[in-house]
Every structure is written in structure tokens, then in C-alpha cells.
Amino acid sequence: MSSTRPVEAPDLLAISNLSLGFSTLDGPVRVLRGIDLTVRAQEKVALVGESGSGKSVTARAIMGLLPERRTMASGSIRFAGRELLGRPAEAEALRGREISMIFQDPTASLNPFFSIRQQFRTVIARGGARHSAEAAEQRMRQALRDVSIPDPERVLGSYSFQLSGGLNQRVMIAMALVNTPKLLIADEPGTALDVTVQEQTLRMMRRLSQQNGTAILFISHNLGVVRQFADRVYVMYAGALVEEGPVQRIFTAPLHPYTRALLASVPRLARPTIPTGIEGSLPDRLKPIQGCAFRPRCSLSISACASEVALVAGAEGHRAACVHVVPPA
Amino acid sequence: MTGPALLRVCNVTKRFKLAHAELLAVDDVSLEVQKFDTLAIVGESGSGKSTLANLIVGSEGASSGAIWLGDTELGARRDKATRRRIALVQQNPYSALNPRKSIRAAIELPMIVHGLGDRSARRRKVDELLRRVHLSPALAARRPLGLSGGERQRVAIARALATDPELLVLDEPTSSLDVSVQAHILALLLELQQELGLTYLFITHDLGVVRVLARRVAVMYQGRVVEEGPVEAIFSAPRHRYTNLLLASIPTVSDEDDGVKLDWPFEQAIAPPPEGAQGCAFRPRCPFAIAACDTTRPALLGEDALHRHACLAPSRRDTTAQGTGGIS
Amino acid sequence: MTASPEFWRAMRRYAQDPMAVLGAAIVAVLVLAAILAEQVAPYPAHAGAFVDFVNANRPPDATYLLGTDGIGRDVLSRIIFGYRTSLVLGLTVLGIAVPLGTAAGLVGGYAGGRAEAVVMRITDVFLALPSLVLAMAIVGLFRPSQILAMAAVAAVWWPWYARLVHGMVRSIRLEGYVVSARLIGASPVRIMVGEILPNCAPTILTKFSLDMGLVILLGASLSFLGLGAPAPIPDLGTMVADGANYLPDQWWLSVTAGGAIFLAVLGFNLVGDGLRDVFDTTG
Numbered sequence: 006m007s008s009t010r011p012v013e014a015p016d017l018l019a020i021s022n023l024s025l026g027f028s029t030l031d032g033p034v035r036v037l038r039g040i041d042l043t044v045r046a047q048e049k050v051a052l053v054g055e056s057g058s059g060k061s062v063t064a065r066a067i068m069g070l071l072p073e074r075r076t077m078a079s080g081s082i083r084f085a086g087r088e089l090l091g092r093p094a095e096a097e098a099l100r101g102r103e104i105s106m107i108f109q110d111p112t113a114s115l116n117p118f119f120s121i122r123q124q125f126r127t128v129i130a131r132g133g134a135r136h137s138a139e140a141a142e143q144r145m146r147q148a149l150r151d152v153s154i155p156d157p158e159r160v161l162g163s164y165s166f167q168l169s170g171g172l173n174q175r176v177m178i179a180m181a182l183v184n185t186p187k188l189l190i191a192d193e194p195g196t197a198l199d200v201t202v203q204e205q206t207l208r209m210m211r212r213l214s215q216q217n218g219t220a221i222l223f224i225s226h227n228l229g230v231v232r233q234f235a236d237r238v239y240v241m242y243a244g245a246l247v248e249e250g251p252v253q254r255i256f257t258a259p260l261h262p263y264t265r266a267l268l269a270s271v272p273r274l275a276r277p278t279i280p281t282g283i284e285g286s287l288p289d290r291l292k293p294i295q296g297c298a299f300r301p302r303c304s305l306s307i308s309a310c311a312s313e314v315a316l317v318a319g320a321e322g323h324r325a326a327c328v329h330v331v332p333p334a
Numbered sequence: 002m003t004g005p006a007l008l009r010v011c012n013v014t015k016r017f018k019l020a021h022a023e024l025l026a027v028d029d030v031s032l033e034v035q036k037f038d039t040l041a042i043v044g045e046s047g048s049g050k051s052t053l054a055n056l057i058v059g060s061e062g063a064s065s066g067a068i069w070l071g072d073t074e075l076g077a078r079r080d081k082a083t084r085r086r087i088a089l090v091q092q093n094p095y096s097a098l099n100p101r102k103s104i105r106a107a108i109e110l111p112m113i114v115h116g117l118g119d120r121s122a123r124r125r126k127v128d129e130l131l132r133r134v135h136l137s138p139a140l141a142a143r144r145p146l147g148l149s150g151g152e153r154q155r156v157a158i159a160r161a162l163a164t165d166p167e168l169l170v171l172d173e174p175t176s177s178l179d180v181s182v183q184a185h186i187l188a189l190l191l192e193l194q195q196e197l198g199l200t201y202l203f204i205t206h207d208l209g210v211v212r213v214l215a216r217r218v219a220v221m222y223q224g225r226v227v228e229e230g231p232v233e234a235i236f237s238a239p240r241h242r243y244t245n246l247l248l249a250s251i252p253t254v255s256d257e258d259d260g261v262k263l264d265w266p267f268e269q270a271i272a273p274p275p276e277g278a279q280g281c282a283f284r285p286r287c288p289f290a291i292a293a294c295d296t297t298r299p300a301l302l303g304e305d306a307l308h309r310h311a312c313l314a315p316s317r318r319d320t321t322a323q324g325t326g327g328i329s
Numbered sequence: 033m034t035a036s037p038e039f040w041r042a043m044r045r046y047a048q049d050p051m052a053v054l055g056a057a058i059v060a061v062l063v064l065a066a067i068l069a070e071q072v073a074p075y076p077a078h079a080g081a082f083v084d085f086v087n088a089n090r091p092p093d094a095t096y097l098l099g100t101d102g103i104g105r106d107v108l109s110r111i112i113f114g115y116r117t118s119l120v121l122g123l124t125v126l127g128i129a130v131p132l133g134t135a136a137g138l139v140g141g142y143a144g145g146r147a148e149a150v151v152m153r154i155t156d157v158f159l160a161l162p163s164l165v166l167a168m169a170i171v172g173l174f175r176p177s178q179i180l181a182m183a184a185v186a187a188v189w190w191p192w193y194a195r196l197v198h199g200m201v202r203s204i205r206l207e208g209y210v211v212s213a214r215l216i217g218a219s220p221v222r223i224m225v226g227e228i229l230p231n232c233a234p235t236i237l238t239k240f241s242l243d244m245g246l247v248i249l250l251g252a253s254l255s256f257l258g259l260g261a262p263a264p265i266p267d268l269g270t271m272v273a274d275g276a277n278y279l280p281d282q283w284w285l286s287v288t289a290g291g292a293i294f295l296a297v298l299g300f301n302l303v304g305d306g307l308r309d310v311f312d313t314t315g
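Which chain is which? The protein sequence lines are F, B and U, in order. Here the first sequence stands for residues 6 to 334, numbered as in our numbering. Here the second sequence stands for residues 2 to 329, numbered as in our numbering. Here the third sequence stands for residues 33 to 315, numbered as in our numbering.
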């Protein structure tokens, strides 16, 4: 859309003008309000936001995991040119092959009734290519060694509840990448894990995706993790994108007041001062939003903020939905 | 150490009997918290920090050792006069408040249980507590439904203050909150400590938050305290390798913070300890282990009165030689 | 507290479901009719020992909307009074079973340990008794008495509430607010009644509504077997049984009484389902 964005690789995932609503007993709720998002091949893109921003629901929409009843969706989700929105069969065919997903809690994502080997076999079988039992076994062991599991034999024979959270997370990563998907969607990976384990699993994911050429859509509330992991960042607030740009720019020269406030909320190692935080709370989900959703909490809000604010392009593929952003001459 | 300690944990051990084994959740821990001070207990899952908090608030009893609040020993059974001196703020503000009771009823409960004041006095106190945590007293009639996580945590803090306690045990008070809300709760806790002269025991896994709130830090690993010292020393010159790993694992948001953070050889392979080794619990994850780490369980020793660590191969004191800074 | 915003939110959510609203309408009409039977029934005197052979066995018409029975009593009037009998039965049975079961479940679930084992094993013993057979045995052993029949049904009904409440208490007692209340020194009774019970109430209410239908049905079954209310008192189950003797000629006797039972059970079930959806926080 923006001519300033450097074209490196074709768009693998292209979401345009995605809006999503649910009808609840309390009335209709709009959870996404016109999302435009792209992930190019082999790119690591982060979608960052706080609770209620709509980041996880975006991931589920891509995977075709939203309940069809009570959901109203419009816009488009294209993966490698194929439309996925409103076509659960298309998404189903891609899941586990072209697109795979890692969830927040690895232990809850594995079935305690089946051994890791049984579940891993299912995953490999889903990859499509026919493998002999011997070849499948070899692939499983190699995949587990790739995630630094020194004794794949023991892990394959175990059940998820016998393994630590960190090991389960590695197993999940191995399973997610074994069919060399083109896109990996990671929804808050490692959030349920200890920080030291989280750090290691993120390094592993980064290394393996680079080796396999897998693009990653990384969904997180943790700005620090996003900074370490992503090439490009989208910031969400109340169901809409407020800013996008290269990771370095988002963290050193954020444009949107929300992004700035969010960064100022993170406790800093270098300075033992109290972070500032953001006053107020998210808008009521049952009420329609006019203009910039962040307006009631923004110290810079002016009357122009009450009308629709589009993403304005800044430098270096950096864009923000704020009336104060001045496009470069 | 200065002043009288308000809380003293003396050689406390807590064992849990499992089906086939015994779990040593807290292993011979001794700690002191001075009046008006904040001690952060930092550790990951399985470190024993939550069990230690449970022993202090009295939801469980220690297997051996003693805990003292001033001159009163804190067992699992304790009288009301002792109970009102300690309050707990829990991690999850969504579970901490009864969804079917009003905010007023929630904050009033400790006062009713302890027979503090008549109806109108309690009413005034609830209003006052709500103002203290920067909420409108008009909220008192409402139920928690519809309140944000931050507002709920403020109510939970107000409830904790209802009996005018001396010691507040803060069990991950901001871990379930969004980062933009966390900052406000931290500021509130600091403000309340100053105004009311509270003593805090702050249980957390997040070193970043510790820097803001605590004055002293005890790092726990597998039931033991592995390092304890003033917050500046822990951040600028950690001695135990596990503390170093914790610091290196914090995801930071600026180059400036990366400069403070120590390096850790994450990719370095670690030789497994010999079969049946009885040494340091951190040995299997430590790239800096020496031979003695396999055989000796290091004791928590003071290098000075304020800073103690339990490591046989500690980081050097001059951190500039250790940490190269930058993104690891 | 009834005027709280939560109450109105619950009402709004309930009103979204047309079937639930239909159920509530049915139940409201039945309950009102039963309470105001003397005013509502076209021939209140027909509820008692009334005989009018001139108008016996009349099929439904404008004077007798649902026809008359073998001794000339208006069927509609008897159905309206029959509802009173059924509702009294339901309320009595559940009025005993719900508090008893709830108390047992609360104590068992909160106390844990030996007390829990004792309470729940007693519950299991009662659950093993077949309700209809036990009720018949008790009634048969002594004499056909409605009071005894109700006591028998209540005796086999309370364990379901004990089970239900027990399960809820087991999870609710781990909630932060219960932990908090315990740590500040609140008594077990205060915690059970003040903190835990209010959170069980929606589920109990839902089951109560579903069970009203079931108890009415069970009561009708007992009456059908001749163990219902004594002779002149209108009883829907007895009416179906008596009418069955005159099928197919005087079809309206059984069909209308059976339909009346069906309507009551349906109404309470719809209300129960609606309540379940309203209280389901995931919706």
C-alpha cells in the first residue's frame, strides 16, 4: 500500500481491512476494526498489544479457528494469494502444513492421553508426504535434536505431564516446524514459562525459523520480547492498528502516543524510577468508537482526533494512525 | 543491620510428602525484613518463593524452623490479633474479589471479622481506604464485574489495608496486569508504604519490577536463598551465577537497559553433572561450574554484612570485565 | 440488591433468548393460575366433591373449554387446581431437598478430609436408591399419603444437590477471595455462607428450575400409579390415569391432563435452560 516500503519479498500473508464482530447476549461487540497487516516470506513480524487489543483474535482468524456462529467478519485474509476468510476448509487444509501455530501454554497444548511420539507422528502424517515408520522416526528425532533435546528417544516415549514446561515448549516448536511451514503463528509463546526458559526457547525459534526460511507472526504483550525477536512490529489498540514499522524505529522513535506511553510503562533496568503508565481504561466494547480510540487517554488529543484517523506514512516504512504524525516531505 | 527486624525467618524448612518422594520446597531459609523496608523474594517456578509466602501468611505451617513477627511467633495456627498484623495481596485480581459481593462488602469483611468499629465507622473506613487507593468511594456499591484488572487490584489492596496491618505480603501483585496498569500499581504501593509506614515482602519472578519497588532482594533457587543483598548490588554486581542468568534473561526495551544487563553464554553446552552428584542445585544449568560444584552444596555466606551469596564460582565483583553489554 | 446493575444485565441477557422468555411466560401463567385458582377457574366448586350428571362426559365446547369428566366436573377447573397440587408438591420436595443437599455439599466440600468422606459416602448411598421404587415402597408400607410420597421423593432428591454443590465448593474454595477470607481469620461458617454459597446460587437456581419439571413429572407418575392425592383433590397424574379408562371415547380427559403436565415440565425446562445460558460467563 505504501510506496515507501522497501519491497524485499512477496507478501506471504496479506490481511486487508479485516473487521470482526461477535454477537453476545449483551449485544454486538466489535473486536477488530479494519486491520491491514502483511507478513512477507521469511520475515519475523510482531503484533503487540495489551489485553483487549484484539491481537489473539487476529491470530485465530488467520488460522480459521473462530466459531462461525455469532461471528461477523469482513475484509480479506490472503495466504500466498489464497483467500482464507470465511473459507474454513481452505484454512483447515493449510493448518499444520503451510501454517502452524504455537500457543501460550505448551503443556496445555499437548494431549496428556497420547505419548509425544504418537502426537508427533500425527503431525508428520499431516505434512502430506508419505514416510515409512522408520523415516518418520528419524525425522522426529532430528526435529527434537534441532531444539536441543539431547535424548529424543526418552522424550518421544514420554507424556506431556512427565516433561517440564520448557521441554514441552521445545516439543511444540519441533512439531510446529517439522513440516517446514511457510508461516508460523506464535501466540504469546513462552508467556507461561519462566523467564530464563522463555529466553532460550525464543532463541531456538529464531534460529530454526531462519534455517527453514519460515516466516513468523509473533503475538505478544511483552515489548522486550518483541524487540529481541521481530524485524517489523505492528502495535494494536482496541481492535485497530495504531502503528507499524521496523523494530528499531518503533523502539527508538515511536510515533503514536499510545506506543510511546506503552514503552514508558515498562520498568527500566538502567533507571530505578517508577514507570509512568497510562491513565484511564480501554473503551467500552459494546459502544461504537468514533475517531481515535486512544483519544480519551491521550494527553495530545485535539478536536481532529474525533474524526477517523488513517495510518500516516513516516520514514522507512514507519506508519502511525495519529493526527500529529507529519508525513516526510 | 539497622533497626529491629519486623519479620525474621529462622532456618525454615518445608517438606511436602508426595506419592513416592518428599519434596523439599523450602530448604533451611533464613531472612530478615526491617521495619519500613521492602524485601523482594525473586525466583522462578519451583524456587519455593510462594511456599515461603504461604508459611508467612499462615496458610501452611513450617516443617521446622521459626518465623517471628516482632516478638510473636508465626505458626500455622495463629490468633486474630496476630492475623490482623499481616495482610496478603494476591497475584490474580480477578479471583481475589468475590464476583457476587459489593466492593464495600469485600473491604468491610476483615473489619467485621476482627470486630473493628460499628457500621458507620466501617462505612467511613471503606470510603477512606478507597480514596487511599485512588478509587472513588462511589464504587463501593458496585460489584467487581466491569472493573478493570487495575481497579480490582486497587480494591484488593484497600481490603488488605482494612485491619491496619504492619506487614504486607505482595504475591506477584502486578504479574496479571497489563504493563500500562502495572506502573500505576507500583506507584500506589510505594506511596502507601511512605504514608502508612508499611513493611513489604514482595514475591516476584520479575526482576524488572524489583528494581522499582524493593530495597533488598533475596534470590531463591530450588528452595534455597542463593543470593541476598541491596537492590543496587544485585543489579550492578550480582555474584551468584543464577542471579546473573535471571538478569540476562530480562527482555529489555532500550539499548540503555542492554548496557546494564549482564551477558550470559546461552548457547554454550553444559556437561551434565556426574550421576548422583549432591552439589549445587544450579550446577546442571551453569556454564561456569567448577569441579567442587558437583560435590559441595554451597552455603549462603556474607562477603559483607549486607550482601550474601551461595556460589563457589561467583561472578567477579567488577562487572565491567564480566558483562560486555549489548544484545546477547 | 435486586436492583443492582448485574441483575438488570442478567435480565437483558435472559430476554435475548425467545425460548427462555416463552418458558418464563408459561411458568408465570401456571403459577399465577395456581395461586389464584379460586378466581381464575371457571367453576371453582368443581375442584372438590361436586357431581353434575347432567353435564357429565361433555366434550370441549364454549361452556366447558376442556370438557367435563364422568361426574360432570369441568376439566379446565380441575387442571388449574391440579397445578396447585403439582406446584405444592414440587416446592415442598425441593424445599426440603435443596437446603439439605446444599448444606451437605457445602460442609463436605469445604471441610475436606474425613468429614468430606463421611458426607459424600452417605450421599452415594442415597443416590443408589431408585426414587420411584423407594417412594412406592414408603407409600405402600404405610398408607397412600401425599406427605409420605413427598418425603420419599425428597429423600432421594437431595443427594443430587449435595453432589452439585460439593463439586462447585471444591473449586470455589481455591479462589482468591476465599483464601483471603480464611487468612484474615473468618470462620468456616462465614466463608461457606458469605463467600462460597452466593457463587453456587446461580447453578442451584438453574437446577431448581429444571427439577421443578422433573418433580412434577415424578409426582404425576406416582399419582398415575394410585399413590397421589386422595380422591376429591384434583391431581394431574390421577386425572390422566382415570381418563385412560375412557379412551378413546372421552379422549379429552387424558389428553388435556397429560398436556397440562407436558406444558408445566416444558415451561420449567425452558426457564432452566435460559438461566443456564445467562449464568454461563463464557457467553
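In case anyone wonders, no lab produced these hints; they're calculated from the structure. Careful: at least some of the hints might be erroneous.
Stated by the list, open to error - Pairwise CB distance ranges (calculated):
1. F:D156 to B:A292: 44 to 50 Å
2. F:G91 to U:G144: 48 to 54 Å
3. B:A77 to F:H136: 53 to 59 Å
4. B:R16 to F:D156: 43 to 49 Å
5. U:D156 to B:F37: 54 to 60 Å
6. U:G127 to F:F119: 44 to 50 Å
7. U:D156 to F:F119: 28 to 34 Å
8. F:L291 to B:C11: 52 to 58 Å
9. F:S28 to B:D29: 57 to 63 Å
10. U:G144 to F:G132: 32 to 38 Å
11. B:S137 to F:D31: 20 to 26 Å
12. U:L279 to F:N116: 54 to 60 Å
Backbone N, C-alpha and C define an ideal beta-carbon position, used for all residues, glycine too.
Results for each hint:
{"no.": "1", "hint": "F:D156 to B:A292: 44 to 50 Å", "in the structure": "violated (25 Å)"}
{"no.": "2", "hint": "F:G91 to U:G144: 48 to 54 Å", "in the structure": "holds (51 Å)"}
{"no.": "3", "hint": "B:A77 to F:H136: 53 to 59 Å", "in the structure": "holds (57 Å)"}
{"no.": "4", "hint": "B:R16 to F:D156: 43 to 49 Å", "in the structure": "violated (30 Å)"}
{"no.": "5", "hint": "U:D156 to B:F37: 54 to 60 Å", "in the structure": "holds (56 Å)"}
{"no.": "6", "hint": "U:G127 to F:F119: 44 to 50 Å", "in the structure": "holds (48 Å)"}
{"no.": "7", "hint": "U:D156 to F:F119: 28 to 34 Å", "in the structure": "holds (33 Å)"}
{"no.": "8", "hint": "F:L291 to B:C11: 52 to 58 Å", "in the structure": "holds (55 Å)"}
{"no.": "9", "hint": "F:S28 to B:D29: 57 to 63 Å", "in the structure": "holds (58 Å)"}
{"no.": "10", "hint": "U:G144 to F:G132: 32 to 38 Å", "in the structure": "violated (49 Å)"}
{"no.": "11", "hint": "B:S137 to F:D31: 20 to 26 Å", "in the structure": "holds (24 Å)"}
{"no.": "12", "hint": "U:L279 to F:N116: 54 to 60 Å", "in the structure": "holds (56 Å)"}
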